[in-house]
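Sequences listed follow chains R and Y, in order.
Residue numbers for the first sequence follow this note's numbering, beginning at 13 and rising by one.
Residue numbers for the second sequence follow this note's numbering, beginning at 38 and rising by one.
Just so you know, the hints here were simulated from the structure itself, not pulled from any lab data.
Note that beta-carbon positions come from the ideal geometry of N, C-alpha and C, so glycine has one too.
A couple of the hints might just be wrong.
[To be verified] Negatives, chain Y to chain R, calculated, CB over 10 Å:
| # | residue |
| --- | --- |
| 1 | T63 |
| 2 | Y75 |
| 3 | R79 |
| 4 | R115 |
| 5 | P198 |
| 6 | G271 |
| 7 | A337 |
| 8 | T370 |
[Stated by the list, open to error] Coverage of chain R stretches by chain Y, computed from C-beta distances (three or more under 8 Å per stretch; other residues unrestricted):
| # | region |
| --- | --- |
| 9 | 208-222 |
| 10 | 230-236 |
| 11 | 263-274 |
| 12 | 278-291 |
Each chain, written out:
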Amino acid sequence: MTTPTATASRPLLEVRDLHVTYRQGGQAVPAVRGVDFTLAPGDTLGVAGESGCGKSTMALSLLRLHGDAAKVTGEVLFDGENLLTTSWSKLRAVRWAGASVVFQGAMSALNPVRTVLDQIVEPMVLHDRVGPKEAERRATELLDSVGIPARRIRSYPHEFSGGQRQRVMIAMALACRPDLIIADEPTTALDVMVQAQILELLGELVRESRIAVIMITHDLSLLAHTCDRLAVMYAGRIVELGPSRQVLKDPQHPYTRSLSQAFPTIGDPASRRAPAGLPGDPPRPGENDQGCAFAPRCPEAEESCRSGELLLWPTGPGRSAACRHVPPQHGGTS
Amino acid sequence: MTPIPDRSGAEARADVPAQVPAPEQTPALEARDLSVVYPGSRGRGPARAVDGVNLRIGKGEIVALIGESGCGKSTLARALVGLVRPTGGQVLSQGRPLDYSAKALKQYRRHTQLVLQDPGGALNPKQNVYDAVALGPRLHRLTEGLPERVHGALARAGLRPPEAFVGRYPHELSGGQQQRAVIAGVLALDPMVMVADEPVASLDASVRGEILKLILHLRDELGLSALVVSHDLGLAWNIADRVAVMYLGRVVEQGTVEEVLLHPKHPYTQALLSVIPNGAEDWRPTLLTGEPPDPTAIPAGCRFHPRCGRWAAASEADRAAAACDRRELPVLTPDGARAACHLLEPNTLLPETV
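Extracted from the complex, chain Y is given alone in its bound form (with noise of 0.2 Å):
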């Protein structure tokens, strides 16, 4: 039986008061019932990415998608912000579905912008600061007090004072510096959403935790909505307010951050938690077995049942009930249950667990 991690003792000390700001009725940012599906190349079937995933982002909130490499998140990235074109179901932007015309899209990514894990592949080495960050408010020709927005974006960034940095070069920047720049120039659009793919991942330990708390201050000060794709659940402990797990192309848990990474119900967010060093002397992860997941052969059933340690563990009676390897489970909604995972619901045998 695989051990379900006791985290009732992380519960009891984290009482905090979840001051998740009220999302209001429009959320900034949705995806419904969205898949993008890529064509199959050399004799393999076609890749379903993203399978069926609904998501949201309300005005002001941050939320963490998490999942491993090839589960599809940075694809649902991508199509949040329109560089991707969905196979199917739509994403919404203030409550109105994306126009793909050329013109309209121009239009939307000046308001929902990407952040790219690697800011030293972001910038261009021959472009300085200045021109890195007036990059896009020249392409949407929001050239009247270019300088002024530029220096404001840095200063925002946290790039201060701009003067000190507007006629350097990336190279001659740490990588922290960078990522801001980057974000500067994210910011020099006054946009609403930022979605933020792995952007702390290539930077240092204690760096990191300025950039996420930048991100964290941008909401705060600007009402900046924002979707931080990451493998890292301590990320979504520092700054999120709700967060999305990702498995094979869907959303397998979803709740805030306090329900999903002190109450995990999926085994796949289970077994995630349990693999991130705690410090304590009778430390055991979960480790899940098995070839990493892949997008052109998605399993029947449950799409986590062949590296499910739940499933395994059943008895022959529950395993009946549950039928994990053929029964399909129902795609999330926003509002709906919090994990898709057959051995939840209340007509099997086994315990719930959290």
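So that you can see chain R by itself, here it is in the shape it has in the complex (with noise of 0.2 Å):
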């Protein structure tokens, strides 16, 4: 256990230049382009984007859950480990317990032929060592605080309903006690009011647990309510960084706008019969390797956006972007 000064001066992870190139049919399609990031303890990062923009495979990257599928490059320190390179077992080590996954679709990611209450105390005694009846005792206890009463945790996954499921699952991260949490896309699949009761959640046992959070979705509207800060991520980087409220209220970066814009504001006369749509599709990774890769459906594009190499920079306090448009200042971090 870290004392609360060292925990001040050292953040939890700390993400520098990563990249990760898939191998496909003899081909290298690099998914995630050079991402940088720290994350204090207690910290929540929200990751919006749209499918194929990279943020997946970024969050998984950082546990190497692609094996060797994909080539993972650059330096994931987690708590002063780099999760890249250390061994195996260590590597194993984190998993559960010092870092946790909540999966996007818990029916896949569940053992089907396993009761929930089994799939709960297993990470348990493996990694926290246990005894069976201790880990069913805290095994009962976190699921009564998801909300599955104790009568049900001898149940199979396909005797849930999806949310409930879904709280399974985020049980199943919070059994070994992480300090870190990934969750991709936890609500994707679920019903509005479903969504808003698992978030909640989540965010109630994080706050209490001061866990830090990274989730991955691509709803920026329903992330400002949830995350302190917000990575917004296009082609495998980060387009745009900053504090939730800042950048969903005030983006910087014209992507950041148009998909904020894509989510309506019931009652706000703009959008009233004026769905806000950006024409093109997303790249394909592997597309566009010159200049910003925006600049094809950017409607301030100009000829200088086309070419060259755009990075991250600080555009104000706790704030970057990549962008030309927006002027560099100095105060602001990444």
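Starting from two chains that each stand alone, build the complex the way the hints lay out.
Below is the structure:
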């Protein structure tokens, strides 16, 4: 255990120049192309972007969950330890106990032939080395805290509704009291009401225990309410980063702007009978190596946007953006 | 007491002139007292998926049907296009009751088309775009001038130039392009009504707007009527003229988009609206508790009362007067009341909340 002062001086997670490249049919497909960010204990970071922007790939590569399918370079310092180069045994110790993942489809992430109790007890017994009795007591408590009553804990995943399964996933992620939870689209397949319930629950549990969270979704407005900071990804890179509310209210990157307009505010006359969309399609990984990747769809693009390399630069206190039209400003951090 | 969302601020900003096209006398598509009951299975009782619905889609009108999974909205959509045979009530197309003979149904489906949520699943992976779009016309023996028909439909669906797309296979298209190809297949039959079940739920945020624009454009250009089924109230705000909110097989609130979304009357509609993040500092969603609704066990009285914040917060006197847990509610009709709720009636002591 680290002392509070040590915690304050050292980030929980430091990601530096992360690249993830898939090999596909003899070709190298870059999915993540240089991502940097840091997370202090208890920090919540939302990662938004469209499918194919690399957000899930980025998050899952932090724990080397892609195996040999992808080449991951850069540094992922978790409590000072580089997870990309550390031994498998150390990495295994970090998974679950240090950092756990809530996957998108609870039905496919849970084992269909084992009861939810068994599935929650397993990591506790393996990682925390607690006896089966103690593990069962803790699992029951955890499931209760996510709203699954004790009488249901010996049920199988298919006996639960989608929302309940996602709650089970959250309980599992909390099983070994991790310092970081990576939630990959935890509510995407769920109804709005269930989605609100799950996010409220996750927020509560995380606040209580000061767990850091990386939450990935395509719904920007949702992230603004659940996360302190927001990173918007496009074509494998972070194009805007800053405090959630500021990013949502006053987006600096044109892509963030169009993404935030895609979810209308009910009552806003500007969006009545006027859905906001963005012509064109998200680039496929490997396309558009030159200049700003968003330029082909950007309403503000100029000739100069189509060449050279574009980096995320400071644009205000705690904010940064990767757009030529946003003037650099000192005092920003990434 | 459950806070009832105050949307007066929103209302003040939204003095949009209602440009609802005046629906002609005969609605394009209508459900009258429609019910669909699925027989019980595995020891459960029959599922009353659609349990008495009146719904009207005027000519050139876009109606959004909103509800959570399991509320019966998809079953209703399928019943409206003749894919599910109602166990009670009627579907009327251009004022005439639907004829369920095979021949009549085929003719009917030419004019009333269904668009599904997942375009990847709706398209045959071994069929190129041309054949996918030509499938409907071929079935209906509209083979004369077929290439022009297919190209025209692709262009109207926004796949331009059509020549660039006809030879492609679904996997060579993005999600948005796939949904456009599906819509082109619908347009190739010159339909009068399109029923779209969650047409943008599986699409990316930026593409979502483009597909919604397309639906709006098709209405404006071709006078197409549309029923759009969704769980997304923002979608209704973006494109619809009227909204019907469905809960456990019934429409619980209906009206113009402005009425329902800015002045919701039913506590269920209010809760649905409250969980949409609005960017406000003090955003507090009204979370409904309890199990998701189960159409095999519809509660007595008002079917929403076990989850209703207004009922939970009502005084003893109001509860006794309203009797939401016992007293059945009348089925809403298009010309009747806006919302089905006992606690709205003037004889209750609760003030009307909106």
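Quiz item: Regarding the assertion that Y/R79 does not contact chain R, is the least Cβ-Cβ distance greater than 10 Å?
Solution: It holds; Y/R79 is separated from chain R by about 12 Å at its closest Cβ, greater than 10 Å.
Quiz prompt | Outside-interface status for Y/Y75 - nearest CB in chain R farther than 10 Å | solution = The assertion about Y/Y75 holds, with a minimum of 18 Å to chain R.
Quiz item: Does Y/R115 really sit off the interface, with its C-beta more than 10 Å from all C-beta atoms of chain R?
Solution: holds (19 Å)
Quiz item: Y/T63: least C-beta distance to chain R exceeds 10 Å?
Solution: The claim stands: Y/T63 keeps its Cβ more than 10 Å from every Cβ of chain R (closest is about 24 Å).
Exercise. Determine whether the non-interface label on Y/P198 survives the test: each CB of chain R must be over 10 Å from its CB.
Key: holds (15 Å)
Quiz item: At a Cβ distance under 8 Å, does chain Y reach at least three residues of the region 278-291 of chain R?
Solution: holds (count 13)
Quiz item: Minimum Cβ separation between Y/T370 and chain R greater than 10 Å?
Solution: Check passes; 26 Å lies beyond 10 Å.
Self-check item: Minimum Cβ distance from Y/A337 to chain R greater than 10 Å, as the annotation requires
Solution: Correct as stated: the minimum Cβ-Cβ distance to chain R is 22 Å, above 10 Å.
Quiz item: Going by Cβ atoms, does Y/G271 stay more than 10 Å from chain R at every point?
Solution: With a cut-off of 10 Å, Y/G271 comes too close to chain R, as the shortest Cβ separation is near 5 Å.
Quiz prompt | Residues of the region 208-222 of chain R with Cβ under 8 Å from chain Y, three needed, outcome | solution = holds (count 3)
Practice problem: Count the residues of the region 263-274 of chain R whose CB lies closer than 8 Å to any CB of chain Y, then report whether that count reaches three. | Solution: With 4 residues in contact (Cβ-Cβ under 8 Å with chain Y), the coverage given for the region 263-274 of chain R holds.
Quiz item: At a Cβ distance under 8 Å, does chain Y reach at least three residues of the region 230-236 of chain R?
Solution: holds (count 6)
In summary, the one numbered hint that this structure violates is 6.
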